[in-house]
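**Student:** One-letter residues, chain by chain:
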Amino acid sequence: MTSPGRARSTLVVAAAAVAGLVAGAAALPNLSDSLKFAAIGDNGTGDRAQYEVAGQMTRLHATFPFELVIMLGDNMYGGQSPADFVKKFEQPYAALLKANVQFQASLGNHDRPANVSYKPYNMNGQRYYTFVRKHVRFFALDSTLMDKKQLDWIEAALKDSRDEWKICYFHHPLYSDAARHGSSVDLRLLLEPIFVRYGVDVVFSGHDHVYERVKPQKGIYYFVSGAAGQLRKGNMRLNAQTAALFDQDQSFLALEVAGADMHFEAISRVGKVVDSGVIHRRQAP
Amino acid sequence: MPDRTRPLRGAFPRLWAFAMEHLLLLPAGAAIALVWVNASPETYYGFVYAIAFVVNDVAMVFFFALMTKEVVEAAAPDGVLHPWRRALLPVIAAVGATTLSALIHVRLVEALDEPALAIAWPVALGTDVAVSYFVARIVFRRHLVPFVLIIAIACDALGFVAIAVFQPAADLHLGAAALVMTGAIGLAIALRRARVTSFWPYVLGAGGLSWYALYRGGLHPALALVPIMPLLPHAARDPGFFVDASPDARDALSRFEIVWRHPAQVSLFFFGLVNAGVPFRALEAGTLGLPIATLLGRPVGLLIGSAAALAAGLHLPHRCGWREVVVAGFAVAIGFSVGLFFCAALLPPGQLRSETSMGVLMTLAGAPAALVAARLLRVGRFSRHSHD
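Taken in sequence, the protein lines are chains A and B.
The first sequence begins at 0 in numbering that gives the first Met the number 0 and counts up one residue at a time.
The second sequence begins at 0 in numbering that gives the first Met the number 0 and counts up one residue at a time.
None of these hints come from the bench; they were simulated from the model.
Just so you know, not all the hints are guaranteed correct.
[Unchecked claim] Chain A stretches covered by chain B per the calculated footprint, using a threshold of three residues with CB under 8 angstroms from any CB of chain B:
#1 51-57
#2 108-115
[As the list claims (entries may be wrong)] In silico lysine to aspartate or glutamate, DMTMM-like type, Cα no more than 25 angstroms apart, as pairs:
#3 Lys118(A) to Glu109(B)
#4 Lys147(A) to Asp250(B)
#5 Lys158(A) to Asp260(A)
#6 Lys118(A) to Glu191(A)
#7 Lys86(A) to Glu109(B)
Nothing here was measured: the structure is a model prediction, and the numbers come from that model.
Quick reminder that beta carbons are idealized off the backbone N, C-alpha and C, glycines included.
The following block holds chain B by itself, in its conformation from the complex (with noise of 0.2 angstroms):
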């Protein structure tokens, strides 16, 4: 008798490889939770609350490694933030960028009459730089794509430090904190200076002694592993922004990267399935706020912080004018991952949190506004002249 489940099951390899090739498990996860969510809060709420903690101050450490090691790669010769110099305008565009989203978005909300959205405001700042990547990639190929990166991981940056200081619900035992996190480091150090090659004992012994301090300390424990990665032994030079570790790389960093990239895509399939459930039930105008904020703020903040920057002689990259600068706002305005990440980390269940995750979600129209802006103004691919 035929096997008629054999296409079916052939067919599952080839679409897990595609949706972990193209990211797809966030999306899948969020696109799962916004259907559940709505049909049955009761079932929804009560699984989330059963593995919130588990997903978002467990596994999502491995995510923020990832990141990390992308960004530890890109300091290393060839890589993007190298010579750190290379960063400097776009940092300040950030600082631009990011100060008028969150402005606006605290205006806003208080103009649609929500100001309790107010204290979301450094949702605002945060950055899906995997996303934002793509969509760079998309329209200016390779030029300026380093300059998009750049300004992602420095709203993040950014964004990350504002919800350190302005968390309003956290109680903070900094010292505590400090101290651990200065043996986890220590011991990093030691673990590099013994020459230790397995990444193993990086992640287990310095990480879970830097997931301590931040948890003991009232910090989110999903940074665990960014202090720590810098110290792992790693390739003398980058291999590019997202590209693969070859199989063969013997170094530290190398190797958890191959072990840990296909889990922590998992760990985003979760991480969508457990934030990205909002019952359109709990919107309000207020929820406008957010990815208004950051559709006008990153083109116009970016613009200003820019001028800014040029204003005290640094200089723009190569073939980079204010059209390019206005779509790359758009492509950094996509909040998605790490602002799901920030929303969940600031607001505790409810409506605001609620409003303020379908904000972010509605973020991703920055992509196809990207792609818009780069026809309109000519831009990237769709410059009569594109050398890309």
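Only chain A is shown next, with the shape it has when bound in the complex (with noise of 0.2 angstroms):
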């Protein structure tokens, strides 16, 4: 007999798939001149379903050549030692890394300081930082210790940027229906004035281990994706913002960008599009 909780998740995944093949193209169109990337969050375990969902993210690398991986912090639990890394990043994604897939990490706070020079990353020794693809800018940022110099950071580089897409990601997510963490409220005053103010168009964050697509906030979409390994089974608690929910199983997110818009499909460990729509720029900047 299904739970309520698996059936209340169940529903609002099926409404939402719906929502999106009504909406637009629920598939990724994999047209050739389109930024192709994927969004990992809260991965590191080293268990199976990691593995697993490394191992759909690899089949889905076959038919939809992504070129960059961004990761959302807490890439590394428990023992962070060579072995580690070995063990709960290069082995899972070893195909990726294979293909030349680019993984550009930003850090949560189970991840040792000391990771922003672990090469595979590409974070070059920063806890943010910034860099393009195509017409998208990313903003990789530290949520973990949001101090003045980074807020002045942020500020400055999203004032100069000149990018169609400006994305930022970072651990700890400004909105979140999570049980078990939720918003992190305080960040979002100091965030979301910047976000808003230079125009982001995307915040991808993990942290909670879930899967949640938040209905747009004073214009700026919300991805939650914390579930790449790890799992916070029926910790969703529906609400007014919440535009789509998967709590039942891990997932990551595929994206590909094209012009103004972005096609975007959360895909479980086992393979199901649990979510997928298309998000469109608000305006040229």
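Given two chains presented individually in distinct reference frames, assemble the corresponding complex, making use of the accompanying hints.
**Tutor:** Structure (structure tokens):
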């Protein structure tokens, strides 16, 4: 017999999938000149579920050749010796690394600060940094230590950016309806005004071990994707701001930015599309 | 018609006086903060961000000034810090206590899988001198209270140095700070030589310059009056630690305390309100790192430090053995006000600050721990031959 929570989750996912199908292209269009990337959060457990999610990512890559994976923090749990990096990162994502997929990490509260120097994370020793892929500028932040220097930096970097898309990602979600952690309101009051002022389009976060797509808040789309290894089953609490949620299995996000559209699919550990849709960029920069 | 509000209006001044006398405004502010942030985080953080600077960087100047005043008087004849040789063993013991607490904290948060919390290790050095003093008074009564006080003050001094040296987010301009601070201290010396007896020129003139020096230099401006208070003319003898100045006292230091002791407590209320609001959902296992580190590290570290001091030829106070040192260690494990201050100075808003702040609040367990330890070890009021 299905538990009430599972029924709720399934209902929401189904409704969201239908809404996605009605709203726009549910599948990723897989255009030749688009930016294709994936997002994973809270992945570094080294256990079977992480490997299975990584396997799904590898399978997807065969037909949807994403060039980039953004990591939303808690990239490693527990021990962080060289052997742990092999078990919790290099092995599960070996096929993607071999295919020259670039991983760009942000740190979470379970990551060692020294991990900024781990070469495959491509952080170049920086806690926060920016990089551009095609017409999309990414800003990776360190939400664990959001000091004034970093706030000043992100404000200046966003102000200077003339890229079509501005995407921020960091560990602690500004909006989340998971019961365990929920929204980081202290960070929201610091970051949201800056994001709104300088036209951030999308924010990705982890920390809560679920998948959630939040309805646009002040014009910004928020995703929580913190279940690429960890999972807190049944942890979501339906809220008026929830657009879609999935908390029954591990998952990751696959995204494609083509012109003014961002297509997305949230894919579960077993390869099921649990949410999909398209985001239209608000306005030209 | 009978005035039904009269009993309530009459009760408020009595409540206020009680709260003031028993230093309850800080715990009251902290309690309100905990409820508020968990009930309505948006309004709480909106309020906190609006007033944090005024509270932490300006109002707290007067709290630290009053703490410095106590230390200055304690260094006078009859004071607990007089002569200075009396302070040597407790200071060495405090080095042991703080070092071990910090080491345990760093190791423990790693073991609890939150290595990011390791940068908060200076918070493990913070000690609420007032609470530690009152716990010591209850356990030891008069005996050994000075010993506990010196340890607490030394722990805080080491903590301030640690914050200044290891503050991770600071942009330091020490040259500029030193230049302006020299001017501030010079002005205070000049005022003293000119036999200025009012505290206002010291506070507004020298203190204002000192505040600017620290602020400009990237150091914490709440310590602005710490270098100035020793230069205020003060009484020849110490009236007693945390003993209110007599209303008839004429020296500048005593007059400062008479005017500012109640406003400083109001500052502490707002300080608790601004800094103790911890959303419970932000907490993870690493939260336990700080309280375990201090509750374990202080007693054991004090023992190690005391042993080192004894090996160097120093002496413990009369009728003070390892049992008393252990109990003293629990009494000085309480971070509370200074711990919260270190937390706010060191960490920006976010999960690290939330977890560390909750850890500081949990160090209040040092109070019952001291009482239980004293009971089990038959120390102080629980000893068979209590002379207190």
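**Student:** Which numbered hints turn out to be false for this structure?
**Tutor:** Hints 1, 4, 6 contradicted; others consistent.
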